[in-house]
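Novice: Construct the complete structure from the given sequences, taking the supplied hints into account.
4 protein chains.
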Amino acid sequence: MIVNMSEKATEQEITHVIERIREAGYQPHVTRGVERTIVAAVGSGRRHEIEALQVAPGVDTVVAIAQPFKLVSRQVRPERSVVEINGVRIGGPEVVVIAGPCSVESREQLLDTAHAVRQAGASMLRGGAYKPRTSPYDFQGLGLEALKILREAREQTGLPVVTEVMSTEDVDVICEHVDMLQVGARNMQNFALLRRLATVNRPILLKRGPSATVKEWLLAAEYLLSGGNQQVVLCERGIKTFETEMRNTFDLAAVALARDLSHLPVIADPSHGTGKQSLIAAVSRAAVAVGADGLIIEVHPCPERALSDGPQSLDFAGFEKVMRALREPLRPTAVPRVAALSAQS
Amino acid sequence: MIVNMSEKATEQEITHVIERIREAGYQPHVTRGVERTIVAAVGSGRRHEIEALQVAPGVDTVVAIAQPFKLVSRQVRPERSVVEINGVRIGGPEVVVIAGPCSVESREQLLDTAHAVRQAGASMLRGGAYKPRTSPYDFQGLGLEALKILREAREQTGLPVVTEVMSTEDVDVICEHVDMLQVGARNMQNFALLRRLATVNRPILLKRGPSATVKEWLLAAEYLLSGGNQQVVLCERGIKTFETEMRNTFDLAAVALARDLSHLPVIADPSHGTGKQSLIAAVSRAAVAVGADGLIIEVHPCPERALSDGPQSLDFAGFEKVMRALREPLRPTAVPRVAALSAQS
Amino acid sequence: MIVNMSEKATEQEITHVIERIREAGYQPHVTRGVERTIVAAVGSGRRHEIEALQVAPGVDTVVAIAQPFKLVSRQVRPERSVVEINGVRIGGPEVVVIAGPCSVESREQLLDTAHAVRQAGASMLRGGAYKPRTSPYDFQGLGLEALKILREAREQTGLPVVTEVMSTEDVDVICEHVDMLQVGARNMQNFALLRRLATVNRPILLKRGPSATVKEWLLAAEYLLSGGNQQVVLCERGIKTFETEMRNTFDLAAVALARDLSHLPVIADPSHGTGKQSLIAAVSRAAVAVGADGLIIEVHPCPERALSDGPQSLDFAGFEKVMRALREPLRPTAVPRVAALSAQS
Amino acid sequence: MIVNMSEKATEQEITHVIERIREAGYQPHVTRGVERTIVAAVGSGRRHEIEALQVAPGVDTVVAIAQPFKLVSRQVRPERSVVEINGVRIGGPEVVVIAGPCSVESREQLLDTAHAVRQAGASMLRGGAYKPRTSPYDFQGLGLEALKILREAREQTGLPVVTEVMSTEDVDVICEHVDMLQVGARNMQNFALLRRLATVNRPILLKRGPSATVKEWLLAAEYLLSGGNQQVVLCERGIKTFETEMRNTFDLAAVALARDLSHLPVIADPSHGTGKQSLIAAVSRAAVAVGADGLIIEVHPCPERALSDGPQSLDFAGFEKVMRALREPLRPTAVPRVAALSAQS
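Taken in sequence, the protein lines are chains V, C, L and R. Numbered by the numbering used here, the letters in the first sequence go through residues 1 to 345 in order. Numbered by the numbering used here, the letters in the second sequence go through residues 1 to 345 in order. Numbered by the numbering used here, the letters in the third sequence go through residues 1 to 345 in order. Numbered by the numbering used here, the letters in the fourth sequence go through residues 1 to 345 in order.
These are calculated hints, taken from the structure and not from any lab test. One thing to keep in mind: the hints can contain errors.
Derived pair list, reagent style DSSO-like, types lysine-lysine, alpha-carbon separation capped at 30 Å [what the hints assert, rightly or not]:
| hint | chain 1 | residue 1 | chain 2 | residue 2 |
| --- | --- | --- | --- | --- |
| 1 | C | Lys70 | R | Lys8 |
| 2 | R | Lys70 | L | Lys215 |
| 3 | C | Lys70 | C | Lys215 |
| 4 | L | Lys215 | V | Lys8 |
| 5 | V | Lys70 | V | Lys215 |
| 6 | V | Lys215 | R | Lys321 |
| 7 | R | Lys215 | R | Lys70 |
| 8 | L | Lys8 | R | Lys321 |
| 9 | C | Lys215 | V | Lys215 |
| 10 | L | Lys215 | L | Lys70 |
| 11 | C | Lys8 | R | Lys215 |
Specialist: Structure, rendered in structure tokens:
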């Protein structure tokens, strides 16, 4: 931590900062410049006490140097983590595709979809039982009934299942029925939920919040790891920006950055990332190219009849096309021409 | 709802959309233009079925015409609502100031602050017992102990108390101790929590999420009203943007807009809105000028020793200054000069 | 400048950074922590050479301590600047209201508006001659003809005139006809234009870019001051965010911040700031309350027939209402009740 | 265009809207619903006159149905365009890599870089002569001297050259020396510049503005095409968001979307898109995977000594690595396991 004194700071103010740094458990280290003095807090102490010096008299700014997360970072664990969900390994050499409907709407809808996505090459099944919906008048999910249907689909197809958990009260029943619990984007900083999930014996899929920085996302994961659950997979699903043609701005560079900063596996959600059926194939390829360890894609037998997220869901044929697209090679780069140019007029 | 067919839509595709609109409970109304056809869904039916037509063949876009919220809107209730919290009326002719520390840190800290803010003119007390913190290593609040201290402060000062609720599991104990429950910005779309709070006999302070549109904010309030709790106060507290000099971008126009669209009272939080002590007085005045029904301001006996939000907390003298600033008249506007100008060379 | 070495930095890498800091004209000052070393660059040298050390081996981050602007800052000039435009003083004790149509559309339209806004209390006239339009198919302004009409309006009403300049090529002719030149939001970082305007003998109204931080805005003003033109007025006009109900997010806290950081006068544009007729009165009051030195408001004889910006333009009656609203007192704050509360059940 | 009347609109207000739609050259088509009336403007007329009805009495909202751009759209030209720059074809089957330093700093620096990037496989050379810099105190480019050096590099290596143009006044001299002119992100809506470039006999590289929607970007290109220059290549270079770990948010989905909406070639700039050396390889691969027709990458002999953009520039070895990364296959997708799962306890 660096405490940057203002140009007009008095000796008394500098001394006060030095004392407070000591009180907070750090060693103060003073650098006197021509115009201003900076005081570094060296060692490890109570970080927030230094941050609060922001408002001490004579202080201009306080700058953090070290990253605030620990257990999720590659400094603590340089090798990449692999999270295993009932035999499926996310973070290994292969890209894992998770597919299924936004919401479980009926037994038939889910089982049909489960078989279709398995056939096309998906390794895991997704399906919402408890749905976070912007409006109270929208379909809110089938709850327990959906969990039972998901379990049946898992038994029929062998695909491990992930579903979203919205409340601490639902954690136990969801753990009984599925293999992996998803924390939705809007709950990324629902800390009561994170603390509860830190204690369950199930891997967690942690979506990035629509306005979370990569740091905040990693700190949310830190709640899980520091609470005892090491089985965490991060998921980029788009952030909110001024662009209105797409539902979100799919932040694929953040996938690369999160993998640089953290050892946790990172997957990407092209369905929410763009909100547009027509873009899913292209951005799925991009997500794999940027380093994503997996994809989670919404598939519905008839998107125009979906009770939620129809506009971004693929039908079965569309999903097969995406799976094929993932196997196509990258477009080649042009080779520079040999002959020298003559000046153009 | 308007379904806008693409220029190349076939007759069969148009017919399909017309049939689906009927199925969804609306009457279809077709307008054939030179280049394209639009089909309006008239009446009231199942909205999501029209939205899902976005991906029907031949459809270009689906546009919603009516606002998606009902009970919170001024079309349902044109007169302004007043929410009464144990004698304090938010939404009436006077601006209500709520003040207190970010977190309850000790009995002494809270009681001192409560008396000081009452003295300076605050009508309600705030103080966090359960704290949503970005990092698991930061101070997480004193929990039940804090609730008891808040209750004592309320008894000593007569100020009604508001505190944040982060989890459905804490709702009962919080209701026992305080007068109003706050839903924090990061929980604005924690729908499990909203559904639970719709059933309690306490007014709710609903903060706008850091990336929530005004519509999404009003729809979160709609969860409370449609679930049975009419005692809702909205609170603007800044949104996330690219600007880094301030903690958030304080969206004061949204206060005016929310009051235009909804009958609910709207207050503003200049502390989180800017994150900067030095700006609180100016933006508090602006919030009142734009129409806010109240302010919620962070005050701490010694901000540089605060366990949370020190940089944006005022000390007692600073808070008094803000209260005085609220009584100063607006700067006068210049009067145009009488004499005609001669041309400037 | 602080160069923060990574935890694994070698002695050789630290030595390299120290040497490079000396080369850049600064004195290096080393702080060795338990986990990492930081090197401060003290004094004044070539800033960019330190910034570029970001990619030197062993470097984690480079942090700037001092603000990058100089002449616009209050550290250089603590007292507030006043800019005089042909007798109208912006930055003095009174709020200056500038009003007029988005575009000059005809002689009659402009003269009618000029007289009406003068009558209602505006001190300056605005009107676009050269219009920056998102689409090439939209009305692009009357150019020189508009300038002549503006000059006539100025002669008739005595109101000084401001108009937008979009290109270095138009600077001379605009200077001949009007009193103040506006740099539009989209040209805030048109550095060729800024460099040209730094040399003219006219005050400049510099709008904040739709995605410019306050720092970038002040640096754009620094181009003008460092190039020789001290007569600069800043104008906040809203920034681009995810919110879609309003044209922009009107950043009123930035007005307060800009006035904290800089001695230059700051005005606000509620018309572009919100894009909504119905919000102009409320946000204009808020702008004055937050400290704005003036307002620039779009007024048109018949907004629904305006060739540009109709939805945000006021008619004459609407503008009079806004002017009256600026004279109304702030809503009073509630006084805390005297009697102690009894516990609520 | 759809004019959506408010619920309380009177017959007279509806009649007024109908008349105004006729005046604007459209045919009105009325749909009366249970709650409200909508009036469609059918045919083609003066679009802005319908938009301005937003503020006519009784009108709730005006919704545009058709896209505002024409010549750039795939509806006008379904097949993809290829732009040829002195023998290099952008938009064809191969990905074109443009590389070189942010700024031309010296003859030696540029020639060394030109030979190195050619050797590594780049097909075109970039280099800044006139630099848009946030601060007036930063290096502003060598101007004409740089243009001459670029021309020499082109003669030595045969690589066509692209450089940025910041002002209408520099257009002629730049056209004399280089093969392609770049409009920088901050000038995307410098309409005076766009109008001038519409008349030159050189292809244009049009960068997306940091807060431009895809629609606004395409409308900027429409200025060039409608003014007579069909040789336009679009370039995504990142947008401004709340994320601070990277310089910009690289919007790769926008590359796919722009290619869906327009026939123009689209390339991507991973250097500005992320601002981070360490991410360039990953996001370059992603850009190619998403469909980009080319890449523009900053390369410098010694990034830590670069006069601009050092932190995001690659050295020669780093650039070679990126070129190799573009040839690596995509990571394979996992194959679903055959055996059925047994329930996990």
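Novice: Work down the list of hints and note, for each, if the structure agrees.
Specialist: Right, here's what the structure says about each hint:
no., hint, verdict
1, C:Lys70 / R:Lys8, "16 Å, holds"
2, R:Lys70 / L:Lys215, "37 Å, violated"
3, C:Lys70 / C:Lys215, "11 Å, holds"
4, L:Lys215 / V:Lys8, "21 Å, holds"
5, V:Lys70 / V:Lys215, "11 Å, holds"
6, V:Lys215 / R:Lys321, "28 Å, holds"
7, R:Lys215 / R:Lys70, "11 Å, holds"
8, L:Lys8 / R:Lys321, "24 Å, holds"
9, C:Lys215 / V:Lys215, "28 Å, holds"
10, L:Lys215 / L:Lys70, "11 Å, holds"
11, C:Lys8 / R:Lys215, "21 Å, holds"
Consistency with the previously given hints fails for number 2 only.
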